[in-house]
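Going down the list, the sequences are from chains A and U.
Numbering-wise (the numbering used here), the first sequence opens with residue 1 and increments by one.
Numbering-wise (the numbering used here), the second sequence opens with residue 344 and increments by one.
Because the hints were derived from the structure by calculation, they are not lab data.
Some hints could be false.
[As the list claims (entries may be wrong)] Derived BS3-like pairs (lysine-lysine); straight-line CA-CA distance at most 25 Å: (1) A:Lys-127 to A:Lys-246; (2) A:Lys-260 to A:Lys-128; (3) A:Lys-260 to A:Lys-130; (4) A:Lys-303 to A:Lys-127; (5) A:Lys-303 to A:Lys-57; (6) A:Lys-246 to A:Lys-260; (7) A:Lys-128 to U:Lys-381; (8) A:Lys-74 to A:Lys-57; (9) A:Lys-127 to U:Lys-381; (10) A:Lys-130 to U:Lys-381; (11) U:Lys-381 to A:Lys-303.
[Claimed, not checked] Simulated restraints, written as ranges between beta carbons of each label pair: (12) A:Lys-128 to U:Arg-409: 49 to 57 Å; (13) A:Tyr-157 to U:Lys-553: 49 to 57 Å; (14) U:Ser-568 to A:Asn-75: 36 to 44 Å; (15) U:Leu-559 to A:Phe-111: 46 to 54 Å.
Backbone N, C-alpha and C define an ideal beta-carbon position, used for all residues, glycine too.
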Amino acid sequence: MTMQQFILRRLLLMIPLLIGISLISFIISHSLPADPVAAFLSQKSMEDPVIVATFRKQWGLDRPLWEQYWIYLKNLLQGNLGVSLRTHRPVLDDLRQFLPASMELAIGATFYSIFLGIPLGVVSAIKKDKLLDHIARVISLVGVSTPVFWLALVSLYIFYFRLGWLPGPGRLDAGMELDVQANITGMYTIDTLLQGKFDTFIIAVKHLFLPASVLGIGTLGLVTRITRSSMLEVMCQDYIRTARSKGLRERMVILRHALKNALIPTVTVIGLSFGGIMAGTVLTETIFTWPGIGRYAYQACTKLDFPAIMGVSILIALIFSTVNLLVDISYAFLDPRLRTGGR
Amino acid sequence: MSQSEQIRLAGPSAATFESPARHRSLWVDAFQRLLRNKAAVIGLGFILFVVLVAIFADVLAPYSYRDQDLGSVYQPPSREHLLGTNQYGKDVLSLLIYGARVSITVGLVAQLIIVLVGVPIGAISGFLGGRVDMIIMRFVDIMYAFPDLLLIIIVMTFIKGALPKAGGPLAPLARLNELTGGLLGVFIALGLTWWLTVARLVRGQILSLKERDYILAAQAVGVPSRRIMVRHLIPNALAPVIVAATLGVPQAIMMEAGLSFIGMGVDPPTPSWGMMIQEGAHAIRGYPYLVLSPAAAIALTMLSFNFLGDGLRDALDPGMKDR
Numbered sequence: 001m002t003m004q005q006f007i008l009r010r011l012l013l014m015i016p017l018l019i020g021i022s023l024i025s026f027i028i029s030h031s032l033p034a035d036p037v038a039a040f041l042s043q044k045s046m047e048d049p050v051i052v053a054t055f056r057k058q059w060g061l062d063r064p065l066w067e068q069y070w071i072y073l074k075n076l077l078q079g080n081l082g083v084s085l086r087t088h089r090p091v092l093d094d095l096r097q098f099l100p101a102s103m104e105l106a107i108g109a110t111f112y113s114i115f116l117g118i119p120l121g122v123v124s125a126i127k128k129d130k131l132l133d134h135i136a137r138v139i140s141l142v143g144v145s146t147p148v149f150w151l152a153l154v155s156l157y158i159f160y161f162r163l164g165w166l167p168g169p170g171r172l173d174a175g176m177e178l179d180v181q182a183n184i185t186g187m188y189t190i191d192t193l194l195q196g197k198f199d200t201f202i203i204a205v206k207h208l209f210l211p212a213s214v215l216g217i218g219t220l221g222l223v224t225r226i227t228r229s230s231m232l233e234v235m236c237q238d239y240i241r242t243a244r245s246k247g248l249r250e251r252m253v254i255l256r257h258a259l260k261n262a263l264i265p266t267v268t269v270i271g272l273s274f275g276g277i278m279a280g281t282v283l284t285e286t287i288f289t290w291p292g293i294g295r296y297a298y299q300a301c302t303k304l305d306f307p308a309i310m311g312v313s314i315l316i317a318l319i320f321s322t323v324n325l326l327v328d329i330s331y332a333f334l335d336p337r338l339r340t341g342g343r
Numbered sequence: 344m345s346q347s348e349q350i351r352l353a354g355p356s357a358a359t360f361e362s363p364a365r366h367r368s369l370w371v372d373a374f375q376r377l378l379r380n381k382a383a384v385i386g387l388g389f390i391l392f393v394v395l396v397a398i399f400a401d402v403l404a405p406y407s408y409r410d411q412d413l414g415s416v417y418q419p420p421s422r423e424h425l426l427g428t429n430q431y432g433k434d435v436l437s438l439l440i441y442g443a444r445v446s447i448t449v450g451l452v453a454q455l456i457i458v459l460v461g462v463p464i465g466a467i468s469g470f471l472g473g474r475v476d477m478i479i480m481r482f483v484d485i486m487y488a489f490p491d492l493l494l495i496i497i498v499m500t501f502i503k504g505a506l507p508k509a510g511g512p513l514a515p516l517a518r519l520n521e522l523t524g525g526l527l528g529v530f531i532a533l534g535l536t537w538w539l540t541v542a543r544l545v546r547g548q549i550l551s552l553k554e555r556d557y558i559l560a561a562q563a564v565g566v567p568s569r570r571i572m573v574r575h576l577i578p579n580a581l582a583p584v585i586v587a588a589t590l591g592v593p594q595a596i597m598m599e600a601g602l603s604f605i606g607m608g609v610d611p612p613t614p615s616w617g618m619m620i621q622e623g624a625h626a627i628r629g630y631p632y633l634v635l636s637p638a639a640a641i642a643l644t645m646l647s648f649n650f651l652g653d654g655l656r657d658a659l660d661p662g663m664k665d666r
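Construct the complete structure from the given sequences, taking the supplied hints into account.
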């Protein structure tokens with residue numbers, strides 16, 4: 001199977017997955033005995049049967065469940081995710097508005113965990129049981145065992161309140177949002193660069209730094225640990241001994257021969273933990289008042305805003321499967337043996 | 344594992360090998376290996392300590408978690424209040440001690456529910472194979488792509504909002520949830536979402552174990568298939584489940600803390616470490632130490648379970664060591 005066929009097949013497989021996700025989230029949200037009408041109408045309006053009936057009719061809540069789902073599915077295929085019960089705006093518009101902020105955060109967190117985690121893992125594998133290894137282990141243990149929301153609070157307290165090194169919550173300094181109005185991607189760091197506003201870019205990066213590092217610290221711990229263990233395994237292989245015995249410099253052996261082969265488990269972990277990072281945005285965005293999809297999802301869930309919940313679920317499932325597809329594609333670049341295999 | 348012994352003993356003497364005393368040696372062996380792992384022993388020790396604190400909270404805690412003393416709010420650590428008091432004048436140490444109850448209960452009970460749901464589903468899927476396996480696994484795949492935190496928040500929203508008012512068959516559930524201070528909701532939410540990993544794990548184990556030589560050997564010497572299942576398949580499939588469950592406990596503890604932090608966890612006044620951090624967050628500028636002790640408690644408990652889980656993995660499967 002060629003690469004194109006592989007990618008095409010995987011993309012096609014996403015369709016039943018998305019239908020499944022939409023069906024499950026539909027069943028979950030509609031089988032709960034909780035009534036969205038009660039969440040949105042005041043006590044007084046609830047007592048008036050006409051208002052309640054109109055509300056139900058307006059949102060299609062008076063039809064049988066299967067019909068509601070069928071309508072939803074038909075709309076979904078046309079890119080219409082329905083209207084949020086809470087914001088009274090099309091869900092798609094809401095997602096479009098809130099997603100870029102979260103993507104910026106999640107991508108920042110992933111980059112941070114890659115660029116810190118892989119070197120840390122490599123170093124601690126080479127210096128096994130030496131001081132550096134122990135330091136790296138402590139960092140990864142802290143990353144895995146400290147609550148993200150606590151780290152967020154404390155880092156905000158130390159670096160913003162106490163030291164003043166980094167700016168406080170939000171994506172930009174107060175009153176600056178107007179400055180980046182010309183939305184290109186919605187990710188401020190990229191938009192400001194594209195517009196050549198370097199001062200604003202620096203401020204956006206400073207604002208991004210703290211939430212992204214807090215969000216990524218769990219992944220950082222995992223990446224460090226996995227890279228270390230797979231480096232240790234690879235370093236015992238025969239081809240490493242061969243490389244050394246033909247007189248290659250140790251640097252070369254580690255970077256070219258060992259690391260490239262050790263990266264496959266690391267890439268897998270990064271792909272899998274992207275889902276965890278997206279989930280982590282709920283807490284991180286709340287603390288850093290980051291206007292992203294995590295906060296939107298949280299508010300939608302607590303208000304039982306079904307269209308919004310389903311929209312977010314489908315979107316996150318879509319992101320999750322895309323990331324896993326990218327991970328699978330990247331295997332082919334890391335390991336040529338997988339390029340021709342019958343995957 | 345006992346694979347080589349088994350091959351040696353296959354044949355007429357296989358029946359003697361099957362005696363329960365010999366069979367236990369896998370677990371005894373594993374336990375001895377575990378005791379040699381320093382980090383795992385320290386972890387186990389700390390977990391036992393927290394469990395004891397949780398059980399004897401009523402005796403150990405100097406104050407009740409319900410005692411408000413508005414005359415002495417935000418007291419720094421002192422002789423009367425070793426870790427100070429919070430914004431309601433509650434003794435932080437006592438809250439910490441009672442909070443251990445919530446964390447340990449959530450960690451252990453949620454994992455138990457997850458195992459009780461996941462193991463049978465995974466085992467059925469692996470044993471039966473075919474269409475049943477396909478349907479179960481596709482369902483698991485789809486649920487896997489579903490963001491679990493959203494599902495948990497939806498379930499919690501329902502349990503907090505609608506369950507207390509629900510009548511009929513749901514009324515006893517509502518009562519139980521009230522009695523446990525909102526813990527039941529956390530159990531249900533975690534149980535509904537986290538059994539997937541265990542089910543996948545068990546299915547994979549059963550599938551690969553079915554093909555092993557020692558199962559074939561056992562079949563060849565005429566061991567009945569029920570005995571093979573009970574004696575060989577399930578115990579061997581169980582080891583990774585024990586490891587996964589142990590490593591899942593800290594995740595459940597962390598999830599409860601996170602849920603309580605956003606007000607979606609246990610109901611006040613039941614003290615929880617996550618809720619303590621949330622309450623401390625309001626006063627972090629003036630009294631930063633209020634968020635320190637609950638975070639330390641969470642982190643140490645998490646670390647202990649992680650150490651124990653890693654130790655168990657090495658002890659139960661020596662071949663996996665150093666990975």
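message: Please list, smallest to largest, the hint numbers that this structure does not respect.
response: 4, 11 and 14
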